[in-house]
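As a plain string of letters, each chain reads:
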Amino acid sequence: MSPSHTPPSPKPFVYKAFAWPWLLSLAVLAAAGLAQAQAQAQSRTEQRVLRVPAVQSWSAPYALYRDGAPVAGINHDIVQALAEHLGMSLQTLVLPRTRVDAAVAAGELDLRCHLSPDWVRAPETYSWSAPLFELATVMVGHESAVPVSHLDQLHRGQTVGTVLGFVYPGLEERFSDGRLRRDDTFAVDRNLQKLKLIRSPYAVADTREIAWHLRQDPGHQFAAWRLPITRTEYRCAVPRNGRIAASLLLAGFERLLASGQIDRIVRNYSPPQPVLVMAANSAVQQLSRQQISALFLGEVLELPGGGRVALGSLGGALRQEFFSQVLEKDAAQLKAIWSRMTFSGRGRAPREFNTAAALRAWLISTPNALAFLDSSSLDPTLKVVYMPTHASAASP
Amino acid sequence: MNPNGALRLVWQVLAKDDIVLRFRPRTEWLYLDWDPSVNLSLHAGRLALPVFQLSETRNVAYAQTNVRPYSSLYHLNPITKVDGLGAVWRQPVGEAELSLDWVHGRTQVDLSTGRVKASAINALAAQWKQGPWSVRLGRSDYRLDAQLPGTLAQLQALASGATGCSNCAAVLAERAPAHVRAAINTVGFNLELGRWSFNSEWMQRRSDSILVADADAWYAQLAHRQGAFTPFIGVGRTRFVEAPLGFQTRAGAPPAAQAANAAFDRFLQSANGRRSWQAGLRWDCAENLALKLHLEWLKNTQEIRLGQTGSISYPATPPIGNYQGPAWDGHVRVLSLNLDFVF
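Residue numbers (the working numbering), protein chains in the order written: chain A, 1 to 396; chain B, 1001 to 1343.
It cannot be assumed that every hint is accurate.
Claimed, not checked - Computed, partial: chain A to chain B, Cβ under 7 Å: (1) ALA103; (2) SER344; (3) GLY345.
Unchecked claim - Stretch by stretch, here's where chain B covers chain A in the computed footprint (C-beta under 8 Å, at least three residues): (4) 224-233; (5) 329-337.
Simulated from the structure, these hints should not be mistaken for laboratory data.
Computed from a predicted structure; not experimentally measured.
Here a beta-carbon is modelled for each residue, glycine too, at the ideal position from N, C-alpha and C.
Work the whole structure out from these sequences, hints included.
This is the structure in structure tokens:
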């Protein structure tokens, strides 16, 4: 008998009866697993891409554009450094300033830089980095304009060069009540260009942007005075609806700060610019380079008009700039001079501070205190009594 | 007290090796400083005596390019501080500044041979500083009481005729009074042109006693900064110009007595003049830290057989001392390696 005549066993039947649901289930499961794996892979890929905006109103040295795309600048290099540090790739969305908030709301951005909690409508929707460095907005004037040491010296209705859409916290009240009038342009460089052409005798801008503009434009006619308007801390912010964990990005910034990389990026585009400052309520208006030099070299101990000067100093590259630009001496020479002053009892070496904040606090609380700090650390509580030519003039 | 206020207290404690105090700390300065006006500053207490350009900082080696101020000049005045009053007046004149520094007081200096009491010291220094150069003129007057038992005993022995000297008593009474009037005049000039610096100083010391012998001295130094390195060269000279005392030996005295009197005559003229050449390198190797290599060649230009005490001390042969060893050839070579720091 051939086995074909053997009655079929029930197993194939059972197989036939229950195989399809099994197979179907497996297929569904496989498909679901595949989809999940694909989704996870996509998610992993997405999490390796850092989406940041490049705002069109940013100007040098914060952003340098070529063919409409950012190619360099402080903002560009900072996010680039963070992406490299975290092993991510960077995706930059060039946006007009007015579109950035909407892009954040739509979940299109993972990180914003060049930001302050004062500059956004809902700061609570972001996780904020520690301050990375300082930004100072100052008023600058044309050589032919009357120097200004206080805003009240400007006549009512005076036009001041500004950038469209920019908010200037130190001036907004005066703009709104008509004491000052905005003269808007679309970009910072246009604003400063108008100053050069005396279309506006005064303008407000960031100190680094001014310095950059002056370096690029040797024929400028900017006066060598600055009136501090506001000081802001530069931060980056992670939208809370972003797809990358804020803790990861903020820890990355902490490490970049600690390693000094942020400082190096800023210095690469914006060399230290020492300015000599006193408390805003000081009776001293302006000092000459000779007077500054005589005071810091201990040849003169009294301020013009009286009062024994108290000298302050910050360390690092800024100090070297101050020594070479203003005092025309190197650090060893000055140490020798100051040791003579100290040990002869005739004076004291400048008191050294580790941070601009500590120096500012000392300047405000100490009578006749005079110090140098970086122009980006200017504050309305201070007045600029001397600005080195190199910082105010062009040095391409 | 507020160091930036009108009234200040300045206290400088110094510990350095010297013959009398060794390393024992001593108060070098302790004074009240009051600024009644922008240009005027008044001091009272123990003050620096402004004789030389570097009088205030002669102990702050970090502040000097070389290891120490030129001994050709600075060893001629061991008085560095006085107890008394002082005033500094500074007046801008166009782009220049004129400053006058005046001090009046008294002090005493302990030496290995005894003590010198200064009952009245007046010092005035005027400095004109304009741009890269400055000129300083100084004048200081002293009334001194020399309490030097060994030296005075030696003079007594000469005056007594023990060496057969016939006129020593009269000569020493005139030329070696123990109450001395002395004066020091100085001129300093400094120039800084870019990386080059030139410093020089000249002085003249005059007195009515051989105990403070008349002398002239000067130095000049040129330095060039090249980054952290500052090589320097300098030359200086000290010359004693005290006139011979003219000791005479009694007729019939042995020839040795004549030789001894002649030797004492030379000795009392302090004929210890010298010339010095210096070269060295300052390396500002770190912030607040300077390593210095300093070579100094000294050559005695006047009398090399007689013992004298200045910044160089060497034993005297008879009849003044009893040293019997090999004679000094009059040359000294000094190699100094200093690590100076401030904090």
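Could you check the structure against the hints above and give me the numbers of any it violates, in ascending order? Hints 1 and 4 not satisfied by this model.
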